[in-house]
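S.K.: Those sequence lines, one after another, are chains Z and P.
For the first sequence, the working numbering assigns the number 338 to the last residue and increments by one with no breaks.
For the second sequence, the working numbering assigns the number 512 to the last residue and increments by one with no breaks.
Since the hints were derived computationally from the structure, they do not count as laboratory data.
No experiment lies behind these values; they were computed from the predicted model shown.
Ideal Cβ positions, reconstructed from N, Cα and C, are used throughout, including at glycine.
Possibly wrong hints are sitting among the right ones.
[Unchecked claim] Which residues of chain P face chain Z? A partial, calculated answer using Cβ under 7 Å:
no., residue
1, 110
2, 123
3, 131
[Unchecked claim] Taking lysine to aspartate or glutamate pairs in the EDC-like style, the calculated list, with each CA pair at most 20 Å apart, reads:
no., chain 1, residue 1, chain 2, residue 2
4, P, 400, P, 267
5, P, 279, P, 289
6, Z, 229, P, 96
7, P, 404, P, 234
8, Z, 143, P, 413
9, P, 146, P, 204
10, P, 218, P, 234
11, P, 89, Z, 228
12, P, 434, P, 267
13, P, 218, P, 502
14, P, 434, P, 293
15, Z, 229, P, 502
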Amino acid sequence: MTTSSETLAAPRARRRKLPTELSILLVLAGIALTFELLGWIFIGQSFLMNQQRLTIMILQVSVVGIIAVGVTQVIITGGIDLSSGSVVGMTAMIAASFAQSADWARPVYPALVGLPVVIPLVIGLAIGTLAGIINGSLISYTKIPPFIATLGMMVSARGVAKWYTKGQPVSGLTPDFTFIGMGIWPVVIFLGVALIFHIALRYTRYGKFTYAIGANPQAARVSGINIEKHLIKVYAIAGMLAGLAGLVTAARAQTAQAGMGVMYELDAIAAAVIGGTSLAGGQGRITGTVIGTIILGTMTSGFTFLRVDAYYQEIIKGMIIVAAVVTDQYRQRKRKKV
Amino acid sequence: MVSPQTMRAVRESGAVPNASLLLEISNARKEFPGVVALDDVSLKLRRGTVHALMGENGAGKSTLMKIIAGIYTPDSGEVKLRGVNIQLKSPLDALENGIAMIHQELNLMPYMSVAENIWIRREPLTRLGFVDHGELNRRTAALFAKLNIDIDPEVQVSTLSVASRQMVEIAKAVSYESDVLIMDEPTSALTETEVAHLFSIIRDLRSQGKGIIYITHKMNELFEIADEFSVFRDGRYIGTHASTDVTRDDIIRMMVGREITQMFPKEEVPIGDVVLSVKDLALKGVFSDISFDVRAGEILGIAGLVGSGRSNVAETIFGVSPATSGTIAINGKPVTIGSPTVAIQHGMAFITEDRKETGCLLALDIQENMQLAVLQDGYTRFGFVTQGELSRTCEEMSQKLRVKTPSLDERVENLSGGNQQKVLIGRWLLTNPKILILDEPTRGIDVGAKAEIHKLVSQLARQGVAVIMISSELPEVLGMSDRIMVMHHGRATGFLDRAEADQVKIMDLAAR
Ligand SMILES: Nc1ncnc2c1ncn2[C@@H]1O[C@H](COP(=O)(O)OP(=O)(O)OP(=O)(O)O)[C@@H](O)[C@H]1O
Ligand SMILES: [Mg+2]
Chain Z
1 MTTSSETLAA
11 PRARRRKLPT
21 ELSILLVLAG
31 IALTFELLGW
41 IFIGQSFLMN
51 QQRLTIMILQ
61 VSVVGIIAVG
71 VTQVIITGGI
81 DLSSGSVVGM
91 TAMIAASFAQ
101 SADWARPVYP
111 ALVGLPVVIP
121 LVIGLAIGTL
131 AGIINGSLIS
141 YTKIPPFIAT
151 LGMMVSARGV
161 AKWYTKGQPV
171 SGLTPDFTFI
181 GMGIWPVVIF
191 LGVALIFHIA
201 LRYTRYGKFT
211 YAIGANPQAA
221 RVSGINIEKH
231 LIKVYAIAGM
241 LAGLAGLVTA
251 ARAQTAQAGM
261 GVMYELDAIA
271 AAVIGGTSLA
281 GGQGRITGTV
291 IGTIILGTMT
301 SGFTFLRVDA
311 YYQEIIKGMI
321 IVAAVVTDQY
331 RQRKRKKV
Chain P
1 MVSPQTMRAV
11 RESGAVPNAS
21 LLLEISNARK
31 EFPGVVALDD
41 VSLKLRRGTV
51 HALMGENGAG
61 KSTLMKIIAG
71 IYTPDSGEVK
81 LRGVNIQLKS
91 PLDALENGIA
101 MIHQELNLMP
111 YMSVAENIWI
121 RREPLTRLGF
131 VDHGELNRRT
141 AALFAKLNID
151 IDPEVQVSTL
161 SVASRQMVEI
171 AKAVSYESDV
181 LIMDEPTSAL
191 TETEVAHLFS
201 IIRDLRSQGK
211 GIIYITHKMN
221 ELFEIADEFS
231 VFRDGRYIGT
241 HASTDVTRDD
251 IIRMMVGREI
261 TQMFPKEEVP
271 IGDVVLSVKD
281 LALKGVFSDI
291 SFDVRAGEIL
301 GIAGLVGSGR
311 SNVAETIFGV
321 SPATSGTIAI
331 NGKPVTIGSP
341 TVAIQHGMAF
351 ITEDRKETGC
361 LLALDIQENM
371 QLAVLQDGYT
381 RFGFVTQGEL
391 SRTCEEMSQK
401 LRVKTPSLDE
411 RVENLSGGNQ
421 QKVLIGRWLL
431 TNPKILILDE
441 PTRGIDVGAK
451 AEIHKLVSQL
461 ARQGVAVIMI
471 SSELPEVLGM
481 SDRIMVMHHG
491 RATGFLDRAE
501 ADQVKIMDLA
511 AR
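So here's chain Z without its partners, still in its complex pose (with noise of 0.2 Å):
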């Protein structure tokens, strides 16, 4: 049941709301603070105060996070995007296999080696953009749910991927294209694309349509807005921040593999829920995916720290996803009941 819709009148006074972004800050604060008195406790070190941790821990997440960035889109208008992990190894294979050196041996495109940078740059994207175009065009005209379009792209891009090399990695990249994966330029990337989504949603009609169709599709489309039409732009952005994610992934491992990305998809749904985004559609916002982001990186990266055994890190880590999600739920309900 939801609350009373005959409440009454609410104050005229201006109330400023604190950001859904705070409560999640707190949380990633208070994670932090547990792993760095543990630190203490066991290992006699502090987590926290140390750089290089720190570094790594936000850039192993940066991959995951560019692609939150796209599925938090797709979750707002109330659907959702399985695909992303294995758009992730398709663009991978794909867009590595046109950014080979000339002196590496066995090259799959012999004749098309040493290309110039943009070429595998520009294909990834657009094959990216491609997976997602067909995701959004599946959902908007044949209306199949988008947990099945989305469901039956992971699987298919996964094989494209594998099919593509009958498995074989593909190495030997350019050091023109291996630089985007170098130092700290995936999470510039990561934090570029945020702020690119995180402007479009809030001051652009591109964003104002997209909560409005996952709020209310049926008030979106009395109100004029083309609904299939802009779905298929939000599948298409996140399907070629997937290929981004995927040129960044291939980039940074200097090499491309069949199996790259694979369970992104999940670690970024979850990403953008712990950042207050709503399954529900409608809400969520961009800050707070970046903040789920580095929840995830923080928590892989303490339990190394800590040195947790990995099978209990996992277990640990689904533990807290739910936890999280849980307390949000419940500080949104208490929000709406005054």
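Starting from the structure of chain Z, add chain P with the ligands where the hints point.
M.R.: Coordinates of chain P with the ligands only, in the frame set by chain Z:
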């Protein structure tokens, strides 16, 4: 046939004279699987008039309006806008051609601000193409000032009451500055004050030469605001008349095709023991000091303006938002009602005010909706649902309530608004409640069915059910209640007995 684009170009060039017939529909037909919603229907809307549409639930009024608003395409027939044939393919087409519609069901985006809702797709942009939020709020404030609406443009729609949301919808429709404005039961969620407010807005629009199509089930509104009206019955057009030419009974006859003798078939029944006793009930920040008894066979009406806390009291009694202090006793025994499940176990039934949000399961069929409450503890044998028996019961109930549908397998989404309401009423009547709480039970229900529902409520009272009925329709409260509690700002301002109650006294207490 002229495309909307050409139409628009022509209109902008100023070439088309302002034909006095704004809109003309001829021989429209629309069929849904199993139902002919419209059959050979015609309608003429003149400039500067308010044209009411009347007809029973499921008569096809909303369907016709959705054709005009570009949501449905008719199977046959034509639409002429300002004398030119036109084919509308989408809501956008209609909006761009100067046709705006307020839908029967609220259509707002709950998590967006009032201003964002109103200007969606038409947001003012800065030079860089970003949405100009300052200007957005300024425009909304200006619009509200013009319409005399007192709502903060920046608040989230989800925090507004149903009535305020309806006012937002009205403002949104007006903001399109369209020539044709369709209002599908705009007052069903409003109380008298807001209705008066809406009417002054409508009069203003009329004097600007706009054409307004106004759907309502309330007779008094028809005489107050409409210049002419058309009646529909079972998807067919019955006739158009000036509203000064007819009496209430004439209209009912046209609508129903039969006489309705008694509007409020209230029965005098023996009043029994106290069933529900509420003492000093309070929900912090919402209402306080609510005390009343309801006896078996008694109908307690609750009147008050929207926002007076009437629905909150009902929700608290039913356990939706448990009380922060005070006591509730059933048959003399104090009980704690922490959730609706507990309330149902104590024999309560609650028909909520907002059928879309807290009532219907839109994607499920009629039977699935109706059987929902009774399945809690009935109609099962060895853990299996006794489907045959249940189907028969639901079938009987839907006939009793005259739900207009080809079969019980129809999705509730496809029913007309009034028929959805009947399904909900059926759901709770099946549970044989001891305490029945009705929140705006006849919202959006046609005269015939309304009398039917009132009769049912009276019969239940005769069987010893204690009834609480919240209603914004004063004749309904006055006609049906044994006693009336009037609320204002979260407090009970007075109780009136059936004999002494009248409209003036209620309004007086409600505004105190
Ligand atoms: N999308 C749909 N699919 C199937 N049947 C439909 C659909 N929309 C409407 N109907 C049917 O068409 C008929 C006319 O419905 P409509 O909503 O136009 O009635 P109405 O006159 O507006 O009634 P009310 O006063 O209850 O709002 C009803 O029998 C309804 O069940
Ligand atoms: Mg209707």
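S.K.: Does each hint hold? Answer for all of them.
M.R.: Cross-check of the supplied hints:
Checking residue 110 of chain P against chain Z: minimum C-beta separation of about 6 Å stays under 7 Å; hint holds. Nearest Cβ of chain Z to the Cβ of residue 123 of chain P: about 6 Å, under the 7 Å cut. The hint holds. Using the Cβ-Cβ criterion of 7 Å, the hint placing residue 131 of chain P at the interface with chain Z is satisfied: the shortest such distance is roughly 5 Å. Proximity of residue 400 of chain P to residue 267 of chain P is assessed by CA-CA distance (about 19 Å); at most 20 Å being required, the pair is judged to hold.
In summary, the hint linking residue 279 of chain P to residue 289 of chain P is supported, as the alpha carbons are separated by about 8 Å, within the 20 Å threshold. Among the hinted pairs, residue 229 of chain Z with residue 96 of chain P is consistent with the structure: their alpha-carbon atoms are about 18 Å apart, no more than 20 Å. About 10 Å separates the Cα atoms of residue 404 of chain P and residue 234 of chain P, which keeps this hinted pair within 20 Å; it holds. For the given pair, residue 143 of chain Z sits about 17 Å from residue 413 of chain P by alpha-carbon distance, which is consistent with the 20 Å threshold.
The suggested pairing of residue 146 of chain P with residue 204 of chain P holds, with an alpha-carbon distance near 11 Å, which does not exceed 20 Å. Between residue 218 of chain P and residue 234 of chain P the CA atoms are separated by roughly 19 Å; this keeps the pair inside 20 Å, and the hint holds. With a C-alpha separation of about 14 Å, the suggested pairing of residue 89 of chain P with residue 228 of chain Z holds against the 20 Å cut-off. For the proposed pair residue 434 of chain P and residue 267 of chain P, the alpha carbon gap of about 18 Å is at most 20 Å, so the pair holds.
Of the supplied pair hints, the one linking residue 218 of chain P and residue 502 of chain P holds, its CA atoms being roughly 19 Å apart against a limit of 20 Å. For the given pair, residue 434 of chain P sits about 14 Å from residue 293 of chain P by alpha-carbon distance, which is consistent with the 20 Å threshold. Only pairs whose Cα atoms come within 20 Å are accepted, and residue 229 of chain Z paired with residue 502 of chain P is rejected, the gap being roughly 55 Å.
Violated hint for the displayed structure: number 15, the only one.
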